[in-house]
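Let chain A serve as the given structure and place chain B on it in line with the hints.
Number of protein chains: 2
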Amino acid sequence: MSAVASAPGKVILVGEHFVVENEPAIAVAINLRARVRATKVEGEGVEVRSRELGLAQVFRGDEPRSSPLYPVYFAAKVTMEYIGVESPLRVEVFSDIPPASGMGSSAAVAVATVAAVAKALGVKLAEDEISRLAYRAEEIVHGKPSGIDNTISTYGGAIAYRKTEGFLRLEADFSPIRLVLADSGLPRSTGEMVARVRRLKAKYPRVFEPLYHAAGRLAIEAGKAIEAGNFRALGELMNVNHGLLSAIGVSNEVLERLVYRAREAGALGAKITGAGGGGFIVALCEKGSEERVAKALREVSSRVFVVDVSGEGVRYEE
Amino acid sequence: MSAVASAPGKVILVGEHFVVENEPAIAVAINLRARVRATKVEGEGVEVRSRELGLAQVFRGDEPRSSPLYPVYFAAKVTMEYIGVESPLRVEVFSDIPPASGMGSSAAVAVATVAAVAKALGVKLAEDEISRLAYRAEEIVHGKPSGIDNTISTYGGAIAYRKTEGFLRLEADFSPIRLVLADSGLPRSTGEMVARVRRLKAKYPRVFEPLYHAAGRLAIEAGKAIEAGNFRALGELMNVNHGLLSAIGVSNEVLERLVYRAREAGALGAKITGAGGGGFIVALCEKGSEERVAKALREVSSRVFVVDVSGEGVRYEE
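Line by line, the protein sequences give chains A and B.
Residue numbers for the first sequence follow our numbering, so the first one is 1 and each next one is one higher.
Residue numbers for the second sequence follow our numbering, so the first one is 1 and each next one is one higher.
Don't read these hints as lab results, they were simulated from the structure.
A few of these clues could be false.
[As the list claims (entries may be wrong)] Heads up, simulated BS3-like pairs for lysine-lysine below, C-alpha to C-alpha not over 25 Å straight-line:
| hint | chain 1 | residue 1 | chain 2 | residue 2 |
| --- | --- | --- | --- | --- |
| 1 | B | K144 | B | K163 |
| 2 | A | K224 | B | K203 |
| 3 | B | K77 | B | K119 |
| 4 | A | K224 | A | K163 |
| 5 | A | K201 | B | K144 |
| 6 | B | K201 | B | K119 |
| 7 | A | K124 | A | K163 |
| 8 | A | K224 | B | K124 |
| 9 | B | K144 | B | K40 |
| 10 | B | K77 | B | K40 |
| 11 | B | K77 | A | K203 |
| 12 | B | K40 | B | K119 |
Chain A on its own, in the form it takes in the complex (with noise of 0.2 Å):
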C-alpha cells in the first residue's frame, strides 16, 4: 500500500523578525513543492530515502538521531503514533523547495510526510490534524518554530499571523503578480539573527517598541493591501519593511545589492525574506516584469527562482 501526497514552500511577505514580539506577519505558498511516497513493505523501522540529499536511512525506535533524516522520520512516527497504526514503511522524498532557504521546506517536507504516511495506513486526517503533526516535526528541526511554515504549507494561499492570536486566512486573487526570489549565496543563521537583535533590542527598547509598532501596522496594512488586490501598495510597504530589518541589524551589502538591483529591475517592491544575514530576498512583480527582475538578479546571484503564489496547500497524488 503506497500514498503520494505534496505541500507547498513559502515565503514571508512582511514581519519576520517582528513576529517574535507579537507583531503581525504575512505569509503566502508557494508552487515549489515537496512531495513524499509513503509505502508499506516488510521488515522492521522506517526507510526514508531523499532525493535531493542522495541519502538513505532505515530508522528503528528512536535511532539514529544525528541523521540529516531524522525529522522524516520523526514526522512518520508521530503520525503512526497519533492515528494508532504501527508498520514498517519506506518513505521517499521529493523536493523542488531549496532546503535552508527560508523557503519552508522543513515544514513542506513534514506536512507531506504526515499526510502520506496516514493515508499509507488507510486513515485520511483533516488539515488542522496534518499541521499539528508537522508543527511537532518542526519542533525537532527548529527548537520552537512560530508555527507559520507548517501552516502556510497545509492550508497555501495567504496567512497572516500573530503568536497571541493564531491565523488568519487572507483573501486575495494573486494571479496579477509573481515573485522573484534570489539568494545571497551567504549561510544563513536563523538563531544567531533572531539572537543578535534581541541583544539590540534590550540595549535600546525606547527606539525598538515604536519600530516594533511600525513594523505590526506595516503587517496590518499588507494584508489590507493584500485583500484589496492593491500590490503597488504591498510593494511599497515590503521596501519599508525591507528598512526596519536594516535598521535591527540583519541586512549587509550583498542582500542590499540584490534588493536594489531588483527595484530597479521594476519590482513593484523587494526585501530580505526571513531572518537575514544571508538567505534570500524576495522581488513582487507585476506579471510581465518578473523576467527583466530575474535577468537582472541573475547577474549577481547563482541561484533565481521565479514563482507563483499558490492556493493550493497540501494535497493527495496519484
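The following block gives chain B in isolation, referenced to the frame of chain A:
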C-alpha cells in the same frame, strides 16, 4: 580696511528627514572650514570672488540674482543693512568644505561672510547676531532651511535641534573618534527626497507615525550617548538610523555599499548623512581605525574625507 573670518562645515549624525516633522536631530561641526576676507574698496558695489568656483562678480542693488555668488553678496548686504554701515567691498571666499555635499558649505560661507563684513566695517557682532543674519542668506539658497547649518557653523561643537524647541548644546569630548565621509558620486536633490518622503508618509500614516517616533527617540538616545562619551552606542544608533532612512526610501545601492564597506572595515557605525538619494555617507571611527575605513571606502568612492569634530565655531583670523 580688511577682515578675515572663518566658520566650520557640519555633519548630521542622526535625525535628518525626521527633523522636518519635529523630531530631534544632532549635528556636529567639523574641521573643514570656509574662510572669507572682506575688504573696503573704492568705487561702487560689492565684488564677490570664489577661489573654489573660479568666479568673480560685481553686485549692485539686487543684481545679478542669477549668479551662484549671489547668496554671498546677499549675506554681505543684510549685514551692512543690519549694522547701518554701507561701503563698496571686495568679499573673497576660500573654502575647504566640498560644496553641495550636505556638509553645510553654504552656511559656513554665509557665517564667515557676515562676521568678516561686519568687522571690516568696524563692528564686532555677537554670535547670535551672526547666526541670524547667516540664516537669512541661507533662506536665499534653501528656501526654508531648518537653521541647523548656520547654528552649528556659528557655535561649533555638537548640537541637538528640534523644530519647535530650537537648539541645545551637547557637552561632549569627541577626541576619541574621527569621522570618515565618502561621496556616493550621485547628485543630491534634497527637495526631491523630502517630497518623496512626504508622499510616502501621507500614504501610510499609521506606519510612519511610530517609525518617526522611533527616530525621535533614537536621536535622544544618541544625544545621551554623545554626552556620556559612549561612542560604541552612538555607532549602533547610527546604524539603526540608517535603516530608518532606508525604510523611508532615501537609500540606494551605492549608498548601501559605502555604508556596509565602512562597517566591515571597523567603523563603529555608518549611515547616510543628509537627504540621501546621493551625497555622502558618514562613518564613526575610533581613532586608529579611521585610515582602514577610509582605505576601504576609497576603493568604491572617489572622494573620501577624514575629519575631526571641531569645538570651534566662527572666528576671526589675522
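Flag every earlier hint the structure violates by its number, smallest first.
5, 6, 7, 8, 9, 11
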